[in-house]
Each structure stands twice: as structure tokens, then as C-alpha cells.
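Student: Please build the complete structure, drawing on both the sequences and the hints.
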Amino acid sequence: MARIGIVNNPLARRNRRRPETPRLLRRLLGADGALVDAATEEAVAEALAGFRRAGVEVLAVNGGDGTLAQVVTALPRDFGPPPWPMLLPLPGGSMNNVARAHGHRGSPQRVLERVLASLRAGGPLPSVERDLLSVEADGGGPRLGFLFATGAAVRFLDLWYEGERHGPARAAWVLLRLLASALSGGRLAREIARREPLRVVADGDEWPAGEWLSVLAGAVPGLGLGSRPFSRCDEQPGFFHAVGVTASPLRLVLALPSLWRGRPWRRQVAVDAVARDLAVEPVEPLRYTLDGDLYQAGSSLRVRTGPLVEVVVDPTSAPPHRLPVAGLTAREGAR
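Under the numbering used here, the letters of the sequence shown match residues 325 to 659, in that order.
What the hints contain is simulated information worked out from the structure, not anything from laboratory work. No experiment lies behind these values; they were computed from the predicted model shown. Any given hint could be a false lead.
[Said to hold, decoys possible] Pair by pair, the computed Cβ-Cβ distance ranges are:
1. Q620 with G447: 37 to 47 Å
2. E535 with L503: 21 to 31 Å
3. G465 with E344: 19 to 29 Å
We put the CB at the ideal spot given by N, CA and C, even for glycine.
Tutor: Following this line, the structure appears as C-alpha cells:
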């Protein structure tokens, strides 16, 4: 039985810069798994169907947050109903928030080495349960993922994607540009500060009417650069952390040190709630992001609690969360 199946996106930015990565991952796997290149929806479907037939225990994804979201969206359709294999996010993309949220640092090879060492030693593979976000726009089929945002967060990504190199250094540089522009009253800050009139309802409770800098939802605590804006995502099983930012960009930037430490949102900065259903009704077409990929909604946008997945935590680090830690050995015993 193949223990690990890797869906590898050869078009991911980091994989394009390091085309030798798939070969190195295959060498590490040996007889313990298989790697399949999948850059299209059809290729992902074929890879998942093959891994289901092979009975893989761990489904790894090498390609960043966007690729990971595409794979988990395809799981119900192409792998079948739960239980699904444990999910292992390899940091192979330009944005690796989900991998970092579970302690995975370094190259995809380093992460896989640590996981394989734990498996081959016969010990339990630590993991946590996560409720995915299920996002529907204009009544269309759901997209599944971990991090959702509108408004300023989308425009931040526009600036981030302009550069040739993407990563934490690029994100920090964009953030410094925005801070300098905000302090000087520049055009860039004014564009980022453009607010959007939205009707927002969380679990039946309507948030105060107004225009929003950004509406966000997170199934993992972090949103990049070490920040923890969704510190309440682990508060209750079956819920996610929803945030509506009302502050100016400058006030938001000044609040970042507190958010970096996972402290609660201040009332002067945002409205937030632990929710299972977040309805967003825009006045005009609204752009949003799910795990770094960009989309557009017309008249309605809904974020709900999605299916439960079990995500592998780095075996050498303490769990970066308060969720119950499971393990592969425990899962096998329960079957």
C-alpha cells in the first residue's frame, strides 16, 4: 500500500524556479508513496482517483495555498465521501500560509523528510482536525479552502502579484510601501483604503450597516508574515473566525503588532465573531480571494463551515493551536 500520495503542481512559482523538486520528492518517497504531476482540474481528478484506489493514508499537496484549495475542493467529487486521507501541505508555492500554520518550515523536501522519518520510526503522525471554509458565489458550486477575504486584502494581493518574486519578503515590502503611503497621504494608500458597501450577516446577526475595508474569514490562525488575525478559529469545533475591518488602513497597520501576538480585535478596528454562516451581499460586483486565488461575485457571497479534514502537523514542533491532536496510529486503531 502506498502510504503517501503527492499531488504536485509543476506550474507553481516555487516549482518553476526549482524544477528538480519532484525528482527529489520521488527519491525520498521510495516505496512508501507516489507523486503525480497535476496542473489542471482534470489531472487533479485523475490523481485523486488513483490515490483512492491505492489506499493512500496521507495526501500531500506541493504547490502552495491556491493548489491546496483546488485539491480540497476536488476531494468530495473525485476522491469520494469522507473519511479522507490526512492532508499534508508542502510549502511548494509562493504563498504557504496553511503549511506554516501547521509548523511546516523549510523546503518541501525537508518537510517530507520529517514526516517520513516519523512514519518509518513507527510512531504516531501528529495531526489536527480543521473545518474547511465552503465559499459559494451567486449560488454556484462551493469552493473549499482555509482563508477568505475581500476588499483591501484583495488589493494587497494585486500589489504582491506585480513582482517577479513572491514570498514573505515581497509581502513585507508591500506592507512598508503602504505604511509610507498612508503616513504621507499618498495615492496608493487611498486606493487600498477604498471601502465597499456590503450587507454582512453572521449566523443570522446582521453586522452594523456601513462600508467595509475588508471582510475576512479564517479556518487557520495565520494570514502570513507571522500574523494571527484568526486567533478564535479554534474556539469551537464546527466554526470559523469571521472579521469585518472598519478601521482606516493606518489604524489597521498600527494594530498589527497586537494581531501578530494573536490578541483580540479591538472595537475601533473591526467587528468579529465565531460563526458557521457568513453572508455577504455587495451593491456591485465584488472581488474576493480564497487561499490567494482571486475570484469575483455578483450579488451574493456565502461562507459556511465546510467538511472536516485532518491536517498533518510537523512532527518536530509543538502544535501551533489548541485543537485536539490526533495521529495516524490512533486513526488506524479506530478503523
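Student: Hints first: check each against the structure and report whether it holds.
Tutor: Verification of the supplied hints:
no.: 1; hint: Q620 with G447: 37 to 47 Å; result: holds, 46 Å
no.: 2; hint: E535 with L503: 21 to 31 Å; result: holds, 22 Å
no.: 3; hint: G465 with E344: 19 to 29 Å; result: violated, 36 Å
Comparing the model with each numbered hint stated earlier shows that hint 3 is the single one that does not hold.
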